[in-house]
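If you want the building blocks of each chain, they are given just below.
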Amino acid sequence: MQQIQDFLGKISVLIIEDNQGDFVLIEDYLLEKFKHINIIHCPDYEAAVNYMYHAEEKPSVILLDLHLPELQGLELINSILAYSFQVPIIILTGYSDLALAKSSLQIGVYDYLIKDEINPSILYKTIVFAISRSGFINQIEDEKRNYENLFNFNPQPTWLLEAGSLRILNANMAAQNKYGYSLDSFLGMSFTQLHPKEEEEPLMHKLISKKDKISTNHFTHLLSNGNEIKVDIYFRKIKINSKKELIVQSNDISETLKHINTIEIQNAKLREIAWTQSHVVRAPLARILGIINLVEMKSVNPDELLFCLEQLRVSGEELDVIIKKIVEETSLIK
Amino acid sequence: MNKEIFIIDDDQIYRMIAKMMVGHIDSSLFINECENGKIGLDKLESVRNFDHKIIVLLDINMPVLDGWGFLEQIEKSNFYNLEQFNIYLVSSSTDEGDKLKSKSYKFLKGFFCKPLTEEDIKTIIGID
Chain P
1 MQQIQDFLGK
11 ISVLIIEDNQ
21 GDFVLIEDYL
31 LEKFKHINII
41 HCPDYEAAVN
51 YMYHAEEKPS
61 VILLDLHLPE
71 LQGLELINSI
81 LAYSFQVPII
91 ILTGYSDLAL
101 AKSSLQIGVY
111 DYLIKDEINP
121 SILYKTIVFA
131 ISRSGFINQI
141 EDEKRNYENL
151 FNFNPQPTWL
161 LEAGSLRILN
171 ANMAAQNKYG
181 YSLDSFLGMS
191 FTQLHPKEEE
201 EPLMHKLISK
211 KDKISTNHFT
221 HLLSNGNEIK
231 VDIYFRKIKI
241 NSKKELIVQS
251 NDISETLKHI
261 NTIEIQNAKL
271 REIAWTQSHV
281 VRAPLARILG
291 IINLVEMKSV
301 NPDELLFCLE
311 QLRVSGEELD
321 VIIKKIVEET
331 SLIK
Chain C
1 MNKEIFIIDD
11 DQIYRMIAKM
21 MVGHIDSSLF
31 INECENGKIG
41 LDKLESVRNF
51 DHKIIVLLDI
61 NMPVLDGWGF
71 LEQIEKSNFY
81 NLEQFNIYLV
91 SSSTDEGDKL
101 KSKSYKFLKG
111 FFCKPLTEED
121 IKTIIGID
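Chains P and C are the protein sequences, given in the same order. According to my numbering, the first sequence is numbered sequentially starting from 1. According to my numbering, the second sequence is numbered sequentially starting from 1.
Please note that a few of the clues may not be correct.
To be verified - Below, computed lysine-lysine pairings styled on DSS-like, alpha-carbon distance capped at 27 angstroms:
#  : chain 1 : residue 1 : chain 2 : residue 2
1  : C       : Lys19     : C       : Lys122
2  : C       : Lys3      : C       : Lys38
3  : P       : Lys58     : P       : Lys144
4  : C       : Lys38     : C       : Lys101
5  : C       : Lys19     : C       : Lys99
6  : P       : Lys206    : P       : Lys237
7  : C       : Lys101    : P       : Lys269
8  : P       : Lys298    : C       : Lys122
9  : P       : Lys298    : C       : Lys19
10 : C       : Lys76     : C       : Lys3
11 : C       : Lys103    : C       : Lys122
12 : P       : Lys298    : C       : Lys3
13 : P       : Lys206    : P       : Lys178
14 : P       : Lys269    : C       : Lys3
15 : C       : Lys19     : C       : Lys3
Said to hold, decoys possible - Derived contacts from chain P toward chain C, CB cut-off under 8 angstroms, selection only:
#  : residue
16 : Asn138
17 : Thr276
18 : Ala283
19 : Leu289
20 : Glu304
As the list claims (entries may be wrong) - Computed beta-carbon distance windows for the label pairs:
#  : chain 1 : residue 1 : chain 2 : residue 2 : range
21 : P       : Leu332    : C       : Gln12     : 30 to 40 angstroms
22 : C       : Glu96     : P       : Val300    : 49 to 59 angstroms
23 : C       : Gln84     : P       : Ala268    : 25 to 35 angstroms
24 : P       : Glu200    : C       : Ser77     : 57 to 67 angstroms
25 : P       : Val300    : C       : Val47     : 23 to 33 angstroms
26 : C       : Gln12     : P       : Val300    : 16 to 26 angstroms
Note that these hints are calculated values from the structure, not bench results. Beta carbons: idealized from backbone N, C-alpha and C, even for Gly.
Isolated chain P (complex conformation) (with noise of 0.2 angstroms):
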């Protein structure tokens, strides 16, 4: 209790009231309990709704009578709740609507209190807790949002499926664009849908059956265009309202691999001409080192040497040539 007075600090609280004796009561109450309150008094609809469109700071809490001269009962309530300012409202009532009190409680309205059985303990400890109890809620609500945005502004092709079936229940705005799908097309879908026929067996394993650590990332994605992506895909398993959904994305590998691919090709290419040009280089180069083997022999006659030379300056040349095609073709290669 301590804590949420700290938190409370000023409050300011708006009474929807046109009996002026109960505005009264409920002031006093309010200003024996509350150090810090701003009160501010409406006696008719037509006036809190002006006051709530225009205040610069909105009431912490409104404290709304059931009998109104314009307008009374449900009518009344729904009519405020439609405007969703976002600020807790307290039914004040008598007996007779005990029983709409109760059940507005489902649509929206924070608590009801009956006016014959007010005192300022349970004004103060009624407000208090509408109050705190909104500031979950706004907070809860805040989350929500941004875990909405998270999913649905997220650059990568996101969607929610159903576990079981593998159902769409929910596709981010990146999978709408990549996939060229409407939310309401994708609503329509199996996620296997987006597979070619083989990959359903392989997918269904991997999403649904609990190998999915074994199996493999790689698959390929069927846009509404019929072009085909190949996709890294990823997972995991939430729960929503206690229902087993999947969180799954995907990743456009298709650039990737193409890289991949044109590189794998390359390097083949490199190790064909670096293989062939060693064997092709070697043989005349072989063949100058046999020559001068040749001429280092003691033996060798004058017409051998003259007959070494001319083959040194042939196989001199055939190198050459050689020398020169390694380079032609490796410039080939981009």
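With the hints as your guide, set chain C onto chain P.
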């Protein structure tokens, strides 16, 4: 005992150089030049029944029938178990793969990389 040497290689210049070197080391040796494995096999067939020492210097990369093809034929025709046959692979390639492959032919007497030195030839024809 007489010796005869077969140089099976498509490189004419290499054959001439090898021939000259062999001639300088042992001028009594009879030298046969063969342009490819097929010609080599045919010529060897004609000396099959001789009992003198036959030395074969076999290149690997050749047209028509290459060194490996030649060795297969030799294996098939049971040439290799004739004692007077001494086959050496002589290749310009320094490829380890070729060397490893040559190990599967147990009857091969050796593997040399070109160029052959004077010492190589002396080892091959058996002069120390």
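Hint check results:
1. A hinted pair counts as satisfied when its Cα atoms are at most 27 angstroms apart, and Lys19(C) with Lys122(C) qualifies at roughly 13 angstroms.
2. Between the alpha carbons of Lys3(C) and Lys38(C) the distance comes to roughly 22 angstroms, so the proposed pair stays at or under 27 angstroms and holds.
3. The suggested pairing of Lys58(P) with Lys144(P) holds, with an alpha-carbon distance near 23 angstroms, which does not exceed 27 angstroms.
4. Of the pairs offered as hints, the one joining Lys38(C) and Lys101(C) holds, with about 21 angstroms between alpha carbons and a cut-off of 27 angstroms not exceeded.
5. At roughly 24 angstroms between alpha-carbon atoms, Lys19(C) and Lys99(C) fall within 27 angstroms of each other, so this suggested pair holds.
6. For the suggested pair Lys206(P) and Lys237(P), the alpha carbons sit about 12 angstroms apart, so the restraint of at most 27 angstroms is met.
7. With a C-alpha separation of about 24 angstroms, the suggested pair Lys101(C) and Lys269(P) falls inside the 27 angstroms cut-off, and the hint holds.
8. For the suggested pair Lys298(P) and Lys122(C), the alpha carbons sit about 15 angstroms apart, so the restraint of at most 27 angstroms is met.
9. For the hint linking Lys298(P) to Lys19(C), the alpha-carbon distance of about 16 angstroms falls within 27 angstroms, and the restraint holds.
10. Between Lys76(C) and Lys3(C), the direct Cα distance comes to roughly 24 angstroms. Compliance with the 27 angstroms bound is thereby established for this hinted pair.
11. For the hint pairing Lys103(C) with Lys122(C), the CA-to-CA distance comes to about 22 angstroms; that is within 27 angstroms, so the pair holds.
12. Under the criterion of a C-alpha separation no larger than 27 angstroms, the hint pairing Lys298(P) with Lys3(C) is consistent with the structure, at around 23 angstroms.
13. Of the pairs offered as hints, the one joining Lys206(P) and Lys178(P) holds, with about 23 angstroms between alpha carbons and a cut-off of 27 angstroms not exceeded.
14. Of the pairs offered as hints, the one joining Lys269(P) and Lys3(C) is violated, with about 46 angstroms between alpha carbons and a cut-off of 27 angstroms exceeded.
15. Proposed proximity of Lys19(C) and Lys3(C) is supported: the alpha carbons are some 14 angstroms apart, at most 27 angstroms.
16. Of the supplied interface hints, the one on Asn138(P) is violated, with its beta-carbon coming no nearer than about 74 angstroms to a beta-carbon of chain C, more than 8 angstroms.
17. Because the smallest distance between the Cβ of Thr276(P) and any Cβ of chain C comes to about 11 angstroms, over 8 angstroms, the interface hint for this residue is violated.
18. The restraint placing Ala283(P) at the interface with chain C holds, with a minimum CB-CB distance near 5 angstroms, inside the 8 angstroms limit.
19. Interface restraint check for Leu289(P): the shortest CB-CB distance to chain C comes to about 4 angstroms, inside 8 angstroms, so the restraint holds.
20. Nearest Cβ of chain C to the Cβ of Glu304(P): about 6 angstroms, under the 8 angstroms cut. The hint holds.
21. Leu332(P) and Gln12(C) have their C-beta atoms about 32 angstroms apart, which keeps the hinted 30 to 40 angstroms range intact.
22. Here the CB-CB span from Glu96(C) to Val300(P) is close to 34 angstroms, at odds with the stated 49 to 59 angstroms.
23. Remark: the range hint 25 to 35 angstroms for Gln84(C) to Ala268(P) is contradicted by a beta-carbon distance near 45 angstroms.
24. Checked against the hint of 57 to 67 angstroms, the C-beta distance between Glu200(P) and Ser77(C) comes to roughly 58 angstroms, which is consistent with it.
25. At roughly 30 angstroms, the beta carbons of Val300(P) and Val47(C) sit within the given window of 23 to 33 angstroms.
26. Our hint of 16 to 26 angstroms for Gln12(C) and Val300(P) holds, since their Cβ atoms are close to 19 angstroms apart.
Consistency with the previously given hints fails for numbers 14, 16, 17, 22, 23, ordered from lowest to highest.
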